[in-house]
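Respectively, the protein sequence lines represent chains A and B.
Number 142 in this note's numbering belongs to position 142 of the first sequence; there are no gaps in the numbering.
Number 452 in this note's numbering belongs to position 452 of the second sequence; there are no gaps in the numbering.
Worth flagging that the hints you see were computed from the coordinates, not collected in a lab.
As the structure is a computational prediction, the values presented were derived from the model and not from experiment.
Where hints are given, some of them may not hold.
As the list claims (entries may be wrong) - Dumping the calculated DSSO-like pairs for lysine-lysine here, alpha-carbon to alpha-carbon at most 30 Å: (1) K8(A) x K4(B); (2) K149(A) x K306(B); (3) K454(B) x K149(A); (4) K245(B) x K228(B); (5) K149(A) x K312(B); (6) K60(B) x K370(B); (7) K178(B) x K262(B).
Said to hold, decoys possible - If we take Cβ atoms under 8 Å as the criterion, some of the chain B residues that face chain A in the derived model are: (8) T82; (9) N83; (10) F85; (11) A86; (12) K209; (13) I268; (14) P434; (15) K438; (16) K449; (17) R452.
We treat Cβ as the ideally placed atom computed from N, Cα and C, and that holds for glycine.
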Amino acid sequence: MPSIERLKDMLLEGAGARLLILPALALIGVFVVFPVIWNVYISMTNYALTGPRARAYEFIGLENYVRILRDPSFYNTLRVSFMFTLFSAIIGQAFLGLGLALMLRAKEPEGVLGKITRALKITASILVFIAWIIPEVVAGYAWSAITSKGGLISMLLGINDDIYVRYPFETIVVANIWRGTAFSMILFTAALEGIPQYIYEAAEIDGAGPWYRFRHIILPLISQAILVDFILITIWTYGVFTMPFMIVGPSGQGGVAQIWTLYVYYDAINVYEVSYAATAANIMFLIVLAMIIVYLRAIGYLKKW
Amino acid sequence: MASKTLLYAVIAVIIIIVIGVGVYLAVPKGPAKIKLVIEYGEPWKDLVKPALTKYIEEMKSKGIEVQEKMIPYGQDFVKVITNDFAAGTAGDIIIVDSFMIPSYASAGYLYALDDFVSKWSDWSQYPEPMKKIVEWNGKVYGVMIDTDVRMIWYRKDIFEMAGLPKNWQPKTWDDIFKAAEVLKENADKIKSALGIDEFYPLYIPAGTKWGEGTTMQGFYMVLLGADKPPYNRLYDYDKGKWICKSTALWRAFKFYIDVYQKYKIGPIEYNFAPDVWATHRKVFSEGKVAMDIGGSWEWGEGWGPKGVAPLKACVGECGNDTTCYTNCEAQHIGYAKMPGYSGGAHGEPQFVTVSGGWAIVLNANLAKDKNKLEAAWKLVEMIASRDNIAKFCAKYGKIAPRIDAVQVPEYAKNAYLKNVTEYLKFTDFRDALPDYPKVSNIIQEITEKIIRGKITDPDQALNEYCNMLKETVGADNVVEYQVVKS
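So here's chain A without its partners, still in its complex pose (with noise of 0.2 Å):
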């Protein structure tokens, strides 16, 4: 008679565990590995969501690839894409993302003061928050709203027009920013709850001073925290769409603003060209699994270190 040690046993050692692990596989089949190839395949076709060729698509081996190689438009998306996660995710979200996890953990002074600054730290941090937790599409709507003419931000700036459209590109990437900045200054807030309090107690009886602190004792101690950060942000960054479509549209306006997610989507659904844009799909999937692979070797190189 099995006992119960013996079926939880079967369960989750041997040939049962596996047997367990098959459904999360499948699901992963399906939606993830699945597409992927299909992706590939339908790169090698001539497939186009309408007209003839929908209904009888050709196999074209790498036609796709060269012509897109050829296409301007797409050097100008990878320009767009690169500056872009350059700009709102390495050096917006995740500088910002460090300054706010920094300015947290700042010691308060005493009395009112200390007060004042308590509920600034609250409110900078519930701010952080709803950016980050409003609905994409809620927020595209919004940055649309207060960057046209006679909007917030265009009336703060004293700039008479429709900033959206005069500035698309700066638009998308502070619109990201202060989406983003969140998960950097959650990252980042962890990481300098590690390290431990003595180390700092050691270094002001040094006397260092709270640049040297910072350069050789919080940067070294969290360095991973960033690398991590980075590596997250970035793809993140590399797959947003839904804002910066609903701020500038699929053609990015007249591409100043199109980063390669409204490139593809522009391709597929405004010119019907499904496999032009799973042939730039692709080539964007090796472009971002070239940096991880990039990030992961200096994380390896650090642990060394």
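Let chain A serve as the given structure and place chain B on it in line with the hints.
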């Protein structure tokens, strides 16, 4: 002991599930029901609803159910429907933009209606051009439900303020630019009189946000009058090739450059608004735009009493009185024919307009189920019936595609429709071939570059157009004409 209980429990659950499924499959489901799905954009709500109510009433006993899939305003109907077709989720009966019919039909998405229309007595009420629009490769794929023409809408009250005639009809493109210049000079006066903070003399749709609107409402209206036929098109029917370079294309691009860059009389930012259609209706209604190149439906759908952006002054004056409103609308809004570039002096048409419209089609999937197909066609007949179409068109200022619509009093009484029906005498049609949507997209991209200032002269526009066209349809499928640059 515990393990035994667990084992029994698992077995019991399995048995219950097996019995449940068995019972579900074994029990008869009653008479087979037909479920139809009708998919349409919100502008056709008042066309579909009355017919549908009647249809459901009549068909209830036959077990036919109809589910509605209405695409709301603010969405690009063509894109939604194209995606639904490609994904296999389109309705059984769909209202589509007629220019997509060749593209959908060649993709195998549509059911050919020849057998139905040949037996349908109403089919003879459709004039030849309205039959041609829904044809592809010699087969009929749809029934037109409305058609339209395009014109220059202008604000009579604003023209008067600037000292321009209230009854205005430009004879050449120059006349349009001259009027725009006068309006521009009087901009401050107009702004303070209307209490608005911005004012643009002329709006011609441009860019990708407009989608097909850019090509149809804007570009064709210029292109068709830019040279003599057959050189004033996108496609050469003799050679069976797309036109890559021509004088007409050069002049049409120049028109856009003149409006948005040289004279700066057009509103760049409206072309980038989140909802360009709603914005264009709103700004014209508010008087922020004095001349607007657009479609005949705007009389009702845009600025009519039940439209998207009714005239504030007329709503204030008339309240819910539609007759009063329509009179008031005619006092404020005028429409003029779009002239050829030199008014016909160089062999191009004296006036131009272009017609499109929407059609009702059936999904090719219906071929699998004869009963469903018959039921779907019955609904098409009811939606496309004389009274239903005439009443809908009269209400929204749309031109009915049926000749007998004039027998319906609501339609016959409509003075506006009587006037614009005149435009049908000189109307033209798009080069709606399967590749047309992609060519149209190139035009949208080029005009977007023009309004963004990335393209600054017509030569550059023409070269980029030609390169993109070759990429899209293949270099063997294009023809280049000599370009006269004046």
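Agreement of K245(B) and K228(B) with the hint, judged by alpha carbon distance not exceeding 30 Å: holds (15 Å)
Agreement of K149(A) and K312(B) with the hint, judged by alpha carbon distance not exceeding 30 Å: Distance ~22 Å between K149(A) and K312(B) Cα, so the pair holds.
Straight-line alpha-carbon gap K454(B) to K149(A), limit 30 Å: holds (23 Å)
Closest C-beta approach of K438(B) to chain A relative to 8 Å, hint status: Holds. Min distance 6 Å.
K8(A) paired with K4(B) [C-alpha distance capped at 30 Å]: At roughly 14 Å apart (the allowed maximum being 30 Å), K4(B) and K8(A) satisfy the hint.
Given hint F85(B) near chain A, where the shortest CB pair must fall under 8 Å: holds (7 Å)
Interface hint for P434(B), Cβ within 8 Å of any Cβ on chain A: Since the shortest Cβ distance to chain A is 4 Å, the answer is holds.
Restraint outcome when I268(B) is required to lie within 8 Å of chain A by C-beta distance: Because about 7 Å separates I268(B) from the closest Cβ in chain A, which is inside the 8 Å limit, the hint holds.
Chain A contact restraint on K449(B) - CB to CB distance below 8 Å: Status holds, d = 5 Å.
Per-residue hint verdict: T82(B), partner chain A, C-beta under 8 Å: holds (5 Å)
Minimum beta-carbon distance criterion (8 Å), A86(B) to chain A: holds (4 Å)
Pairwise hint evaluation, K262(B) against K178(B), where the allowed Cα distance is 30 Å at most: holds (13 Å)
Comparing the model with each numbered hint stated earlier shows that all of them hold.
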